[in-house]
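Asks: What follows is each chain in one-letter form.
There are 2 protein chains.
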Amino acid sequence: MYVLVAYDVDIKRVGKVHKVLKKYLTWTQNSLFEGEITEGLLKQCLAELATKANPHVDSIYVYRIANPKNMKKTVYGVEKDFESMFL
Amino acid sequence: MYVLVAYDVDIKRVGKVHKVLKKYLTWTQNSLFEGEITEGLLKQCLAELATKANPHVDSIYVYRIANPKNMKKTVYGVEKDFESMFL
Chain C
147 MYVLVAYDVD
157 IKRVGKVHKV
167 LKKYLTWTQN
177 SLFEGEITEG
187 LLKQCLAELA
197 TKANPHVDSI
207 YVYRIANPKN
217 MKKTVYGVEK
227 DFESMFL
Chain V
147 MYVLVAYDVD
157 IKRVGKVHKV
167 LKKYLTWTQN
177 SLFEGEITEG
187 LLKQCLAELA
197 TKANPHVDSI
207 YVYRIANPKN
217 MKKTVYGVEK
227 DFESMFL
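If you read the protein sequences in the order shown, they are chains C and V. Counting from 147, one number per residue, gives the positions in the first sequence under this note's numbering. Counting from 147, one number per residue, gives the positions in the second sequence under this note's numbering.
Be careful, since some hints might not be right.
It does not matter which identical chain is used: a pair holds within one copy or between any two.
Said to hold, decoys possible - BS3-like, lysine-lysine: derived pairs with alpha carbons at most 30 Å apart: (1) K215 - K189; (2) K158 - K215; (3) K168 - K158; (4) K219 - K189; (5) K158 - K218; (6) K198 - K169.
I should point out that these hints are in silico values taken from the structure, not numbers from a laboratory.
With the rest of the complex left out, here is chain C (with noise of 0.2 Å):
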């Protein structure tokens, strides 16, 4: 299963959920991770955001896709890497 997970949190939080995303998926750009994982990690990382977020204030936004072939991404302008624009 290929996911693209956003979150838009309080800037006291942005740290620890951007932090647990990485450990699970690939960082995209400002707010945006994605990668391949299994609904069983995805599981164990949204429970580990959910004791980094607050749920009466933060979104944490999950895009499942079934097979990545029916997804297809295209980047216009610059494909920034992994690292090089974290906080």
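Following the hints, position chain V against chain C.
Replies: Below, chain V alone, put in the same frame as chain C:
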């Protein structure tokens, strides 16, 4: 076709890029938009973005999902409504 579009542009150009994307897609959070769109309208949108963004500095990520049935979106925490968080 369903698309997710994420942008990473210089702060000076965020407003202009956001405005173009808002014409074609639905704003999800921060620098992420999504929605159902035809390839023709997406091309038009990207052509407009090309006039606003700087390809040597900025990045636009486009994820085309052939059939939205292949994708499942889940929001954890607060689902922000469309305009409440607009810059």
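Asks: Decide, hint by hint, whether the structure agrees.
Replies: Each hint tested on the structure:
1. In the homo-oligomer, the alpha carbons of K215 and K189 lie at most 30 Å apart both inside one protomer (23 Å) and across protomers (21 Å), since each shortest distance falls under that limit.
2. With identical chains, the CA atoms of K158 and K215 are never at most 30 Å apart, being 37 Å at best within one copy and 36 Å at best between copies.
3. With identical chains, the CA atoms of K168 and K158 are at most 30 Å apart both within one copy (17 Å) and between copies (28 Å).
4. In this homomeric assembly, K219 and K189 come within 30 Å of each other (Cα to Cα) both inside a single copy, at 24 Å, and across copies, at 14 Å.
5. Taking identical chains as interchangeable, the C-alpha atoms of K158 and K218 lie at most 30 Å apart only when they sit on different chains, with a minimum of 29 Å there against 34 Å within one chain.
6. For the identical chains of this complex, K198 and K169 are intra-copy neighbours only, at 14 Å inside a copy versus 34 Å across copies, given an alpha-carbon limit of 30 Å.
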